[in-house]
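Enquirer: Put together the whole structure using the sequences plus the hints.
The chain contents come next:
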Amino acid sequence: MQPINRMKIEFDSKSSNEAFARVVVAAFAAQLDPTLEDLADLKTAVSEAVTNAIIHGYEQKSGTIYMECLLYPDSITVIIEDHGVGIEDIEKARTPAFTTKPELERSGMGFAVMESFMDSLQIESEKGKGTKIIMTKKFSRG
Amino acid sequence: MALDITFKQENQVLTVYLKGELDHHTVSSIKDTIDMQLVSAPVKKLVLDMSGVTFMDSSGIGLIVGRYNRIKSFGGSMAIKNPGQNLLKILKMSGIDKLMKIS
Numbered sequence: 001m002q003p004i005n006r007m008k009i010e011f012d013s014k015s016s017n018e019a020f021a022r023v024v025v026a027a028f029a030a031q032l033d034p035t036l037e038d039l040a041d042l043k044t045a046v047s048e049a050v051t052n053a054i055i056h057g058y059e060q061k062s063g064t065i066y067m068e069c070l071l072y073p074d075s076i077t078v079i080i081e082d083h084g085v086g087i088e089d090i091e092k093a094r095t096p097a098f099t100t101k102p103e104l105e106r107s108g109m110g111f112a113v114m115e116s117f118m119d120s121l122q123i124e125s126e127k128g129k130g131t132k133i134i135m136t137k138k139f140s141r142g
Numbered sequence: 143m144a145l146d147i148t149f150k151q152e153n154q155v156l157t158v159y160l161k162g163e164l165d166h167h168t169v170s171s172i173k174d175t176i177d178m179q180l181v182s183a184p185v186k187k188l189v190l191d192m193s194g195v196t197f198m199d200s201s202g203i204g205l206i207v208g209r210y211n212r213i214k215s216f217g218g219s220m221a222i223k224n225p226g227q228n229l230l231k232i233l234k235m236s237g238i239d240k241l242m243k244i245s
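If you read the protein sequences in the order shown, they are chains A and B.
Read in order, the letters of the first sequence correspond to residues 1 to 142 in this note's numbering.
Read in order, the letters of the second sequence correspond to residues 143 to 245 in this note's numbering.
Some hints could be false.
To be verified - Below, a sample of chain B positions facing chain A; criterion: calculated Cβ distance under 8 Å: (1) Thr157; (2) Tyr159; (3) Glu163; (4) Asp165; (5) His167; (6) Ser201; (7) Ile203; (8) Gly204; (9) Leu205; (10) Val207; (11) Asn224; (12) Asn228; (13) Ile232; (14) Met235; (15) Ser236; (16) Asp239.
What the hints assert, rightly or not - Once the Cα atoms are required to be at most 25 Å apart in a straight line, the calculated BS3-like pairs of lysine-lysine come out as: (17) Lys234/B - Lys92/A; (18) Lys101/A - Lys150/B; (19) Lys234/B - Lys101/A.
Unchecked claim - Okay, the calculated bits of chain A under chain B, using three or more residues with CB under 8 Å as the criterion: (20) 47-61; (21) 75-89.
Source of the hints: derived by calculation from the structure; they are not laboratory data.
The beta-carbon is built from N, C-alpha and C at its ideal position, and this holds for glycine as well.
Expert: Spelled out as C-alpha cells, the structure:
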C-alpha cells in the first residue's frame, strides 16, 4: 500500500537529539489524530531506537542517524537507521534485560519496549555495516 | 530538554522530585547528582516523586534500577510516587513494581 504522506530526516548521533526525534515523529503522526496513549507509545519506541543508535550503533561517537516516517490511513511506520557497528546477535539483543553495556546502567529493555509499545518490529543488522529498525504503530482514533 | 531535580531530606528519607523528561540524555546528567546526595547524609529510604515527569523511556528504568541497587547495598529501600499513566505502563512492563512500592 502506498503511504498517504512521508518524511525523511537525518541528524547527528547526539543524545540531545533523542527528544528532537520523538517530538518530530509525534508531530508528523498527529495529522492522523491518534489518542494521547498511542502517541506516548510511539514517542517511547522512537526514543528507544534513537538511543540504541547513539549508544550501541555509534558507541557514543559521531555519526548520522536516518529517520523516515511513512503515514498510512490508520498507522505509521518509522524506520530508524544507523551506519554504526551493527548487532552481532539480534535474537540475544531482543532478550529483555540483556545489555552489552551494563556499566552505563542500561536496563536492556530497549527492544522489549519497542516490541511492546508498537504493533510490529523488524530489526535488520549487519556487523560493521549498521542497523535498521522498522516499526509500525496502528492507531485507534482519538 | 532539561530535567529539573530537587531534594527533600527528612528522618533518613530522601525524596527526589523530578520534573521534565527522562531519557538517556537527561538521565546521564542527574545520576551522579542523586548518588552524591545519597552519600552526603544517612539515607534509609529513597523516594522518587515522578509527578512532574512527562516522558520516560528505558533509560529511566536503568536510572531506577541503578539507584535501587545502590540503596539496597546500604541496607535501605526505595519507592516511587505519583507516576502518570504512561510512566506506569513502562514501570510495570519492566517489572519495577515487583522490586519496590509504587503509589
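Enquirer: Run every hint past the structure and note whether it holds.
Expert: Evaluated hints:
1. Thr157: Result: violated, 21 Å to nearest chain A Cβ.
2. Tyr159: 20 Å, violated
3. Glu163: 6 Å, holds
4. Asp165: The hint holds - Asp165/B has a Cβ within 8 Å of chain A, the shortest such distance being about 5 Å.
5. His167: With Cβ-Cβ at 4 Å, under 8 Å, it holds.
6. Ser201: Given a least distance of 6 Å, the restraint on Ser201/B holds.
7. Ile203: With a minimum Cβ separation of about 4 Å from chain A (threshold 8 Å), the hint on Ile203/B holds.
8. Gly204: 4 Å, holds
9. Leu205: It holds, given that the least Cβ distance between Leu205/B and chain A is near 7 Å, below 8 Å.
10. Val207: 6 Å, holds
11. Asn224: This interface hint is violated because 17 Å lies over the 8 Å limit.
12. Asn228: 4 Å, holds
13. Ile232: Holds: closest Cβ of chain A sits about 7 Å from Ile232/B, inside 8 Å.
14. Met235: 6 Å, holds
15. Ser236: 5 Å, holds
16. Asp239: 14 Å, violated
17. Lys234/B - Lys92/A: 22 Å, holds
18. Lys101/A - Lys150/B: Judged against 25 Å, a Cα distance of about 32 Å means the pair is violated.
19. Lys234/B - Lys101/A: 23 Å, holds
20. 47-61: holds (count 5)
21. 75-89: As far as the stretch 75-89 of chain A goes, the hint is violated, because 0 residues have Cβ atoms under 8 Å from chain B.
Hint compliance for this structure: hints 1, 2, 11, 16, 18 and 21 are broken, all remaining hints hold.
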